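**Q** With the hints as your guide, set chain B onto chain A.
Those protein sequence lines, which keep their order, are chains A and B.
Take the first sequence: its position 96, counting from 1, is numbered 719 in our numbering, and each next residue is one higher.
Take the second sequence: its position 129, counting from 1, is numbered 752 in our numbering, and each next residue is one higher.
No distinction is drawn between identical chains; accordingly, a pair holds when it is met within one copy or between any pair of copies.
Only pairs whose alpha carbons sit at most 25 Å apart, straight line, appear in this in silico DSS-like list of lysine-lysine:
| # | residue 1 | residue 2 |
| --- | --- | --- |
| 1 | Lys-766 | Lys-856 |
| 2 | Lys-975 | Lys-898 |
| 3 | Lys-633 | Lys-971 |
| 4 | Lys-897 | Lys-971 |
| 5 | Lys-667 | Lys-633 |
| 6 | Lys-856 | Lys-737 |
I should point out that these hints are in silico values taken from the structure, not numbers from a laboratory.
What you are looking at is a predicted structure, and each value in this text was computed from that prediction instead of being measured.
2 protein chains.
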Amino acid sequence: MHDEIINLIKTTTDLNSLRIQLNNYHQRDLAESFRLLDEDQQEKVYALFSNEELADIFSYLDAEDVSEITETISEEKLASIIQEMEPDDAADLLAEYSDDRVEMIYQFIDEDTKEEISELLEYEENTAGALMNSNYLVIEQGKDIKDLMKKLVKEAPDLESINTTFVVDANNQLLGTIPLKKVIMAKAPCPVESIMNPNFKAVNVDTPIEDAVNIVKNYDIFDLPVLESGQLKGIITIDDAMDTVVEEAEEDYAKLAGLTEAEEITESTFTSVKKRIPWLAFLLIMDLFVAVVISQYDYLFALDKMTVFVFFQPIILGLAGNFGTQSLAITIRKITDHEFDYRHRILKHLIKETALGLAMGLLLGGLALIFAVAFLYFNGQAWVDIWPIALVVALSVFASLTVSALFAALLPILLYKMKMDPAVASGPVITTIIDVLGVVIYLSLATVLVYNTLI
Amino acid sequence: MHDEIINLIKTTTDLNSLRIQLNNYHQRDLAESFRLLDEDQQEKVYALFSNEELADIFSYLDAEDVSEITETISEEKLASIIQEMEPDDAADLLAEYSDDRVEMIYQFIDEDTKEEISELLEYEENTAGALMNSNYLVIEQGKDIKDLMKKLVKEAPDLESINTTFVVDANNQLLGTIPLKKVIMAKAPCPVESIMNPNFKAVNVDTPIEDAVNIVKNYDIFDLPVLESGQLKGIITIDDAMDTVVEEAEEDYAKLAGLTEAEEITESTFTSVKKRIPWLAFLLIMDLFVAVVISQYDYLFALDKMTVFVFFQPIILGLAGNFGTQSLAITIRKITDHEFDYRHRILKHLIKETALGLAMGLLLGGLALIFAVAFLYFNGQAWVDIWPIALVVALSVFASLTVSALFAALLPILLYKMKMDPAVASGPVITTIIDVLGVVIYLSLATVLVYNTLI
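Only chain A is shown next, with the shape it has when bound in the complex (with noise of 0.2 Å):
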């Protein structure tokens, strides 16, 4: 369908006839159709729509996104697209651009405007201040169901959500929500409290993120009310939280996997460099470490027999390593889930995962051992020393499999009970330093079992 969008673009020379078949499209699909065409045709397109349109068409974007392809449209006409976007999304935006270009933004853009923006960028990013708008339905208490139908039919067309009218005093004070379907059931004369819900779900301005869009998601809420003092001073549409969800969970993800920031399509291959190499570089650190460690075995491999040794380190190592990751992406996922609030919960957690690691060590172990036996039998190595050898990998496995749950649960439940995050401890990490005790149980059952026999 893009290529179809670009290809009108491109090829339609009749502007009248050009606006009138964009219009046939979805705004998303010209948003994501502008960010592929170059300059001059972005600058042809834009003269089509008015300022209000070309806001819509951009809501459908990231911020980053935006900014990328507004390059070409002058300060001017850019603070009139602004004026017409969620306070919300214009603070984004600007959040985006370089300090010169938001100053000369600024000089065109309504005192109005100014302030709404402003005083959502006070709040600090990742709360509930930060993500939440400030375009909604609100009556007073002691109106009645009348004046409320007569406000929300007058507002309705600037309004973003009409799904929930917020009832409150004299003061701001939020008092209780009332579903759009109540108000369409009641009939007048209905004082608005006699049908709101007063025990309405909220969060304040500077409740996390994180905590704010579970809300809307495990109660289903269309429309949370985000307070300060008991004032109401925003909602979190599900919508925005719907995207927020799925960011934290792109975050999470990026962070199993060891990359500091989710990847966009289009940025360059040197801001990708930059994502990717900081946990790349601490684990050569830690490699480095595990090297230093192995070579204090280095009086093992000086022994012809056993340099059979070297050839199974990739699987205690391997196991260990993904079994632990394994246990990391449960318990991060645990923590997300907020699971862990509940002190009982953790001690059940890290049993579940120590025996966990019992269990899967006795099957793993066990299959090794067989593995590793018919491994040395087809390798010529004679019977009397095959047991000894096999039985090293076998203990092995099943250790550093135990070991490896306990750890992998217990790191980033104490990293976010020290209020840390939990993903520092991401997948990389963990998979290093078992690394470290993986080799170090290893190598040691090699020496008490084996190398001390032979010498």
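**A** Showing chain B alone in chain A's frame:
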């Protein structure tokens, strides 16, 4: 809060007062708390609520969880509750019970509900048809906005969503959608067609669920119509789509960690073992293959001077494996976002990943060179040996990163284009394949650049 509710249930003996107090909590909090009660307590509480109230409370839990906490309820009462549920939730719940129990429940369900449920059960799992619900406002063309308002007021109490009215012709073919905002603003007389949007987004009953929820997310659609040969069959609401989108993200996350499925907090250790062991057992076999590959180079380790290569092996495998996981995660994410439905983007992606591999290979290879030289120097190696060994390490890092990036990007795209689940190429699979490639590159270079100069 759940502790509070559980405490109330345990300590309050006056049932009337308990009911009043429980009514102050949100249904979802009640549902969550019921999961933590024992059977006797559950029975006590369930007696307090009407079937309709229980259906409402249960609607906030997964079907799996509901089946767990309804074990104590008789089939007759369960049937009455199920009749009050949304048909899609009812169908999901019935799928959780044993065939015997379903048969007994069915005896108490009326024909209309049975038909609605069995219609939904006909659609394959993971299609839009299976997620949709049949609870929406529909109006025939030719009617006036006045008729629509009347219908709206009459049907609103029973409807899940009144955000969108669907306009159909006499054959139930969907002609357009009207957002509630426009209904409220319209003034009679006004035929419904004149305010409907004929360019609506819709999906088919057999559209994969992933694609359907992506449309809801990307286009901010509150009620997505689901069609069969153009006829309106149901809608997907944004709150249901949100739950699904989160589930999908969790599946991807689980697969990256090498889990066959996301784990639940309530499940037994045995169930978790079943979810975790497939990839690890596969990994063990793959690692045994790595052992076979390494054993082909056993002549290397027979020489005393060559044991130093054992120390550095985890660096090569660790870096290449983790870099591969990064590329894999990015590629899977882009596949999920349908970025690769355009052929030119595949090529662009592969070129970029290869460029990234080269860039990261140069950077990390350079770092590895410095670290290896330092390590060997402090380990007392002679200068004449240091450079060739460090060079092998650096070159191996460079080569294995490049190969790893290309491979981790190419494999999932190939799977996707072959209509297979790209996430089959999960973290553990990619890393072991890269392990094999890395070991071959590393030990071959060691043979050519060091071993051959020594013998």
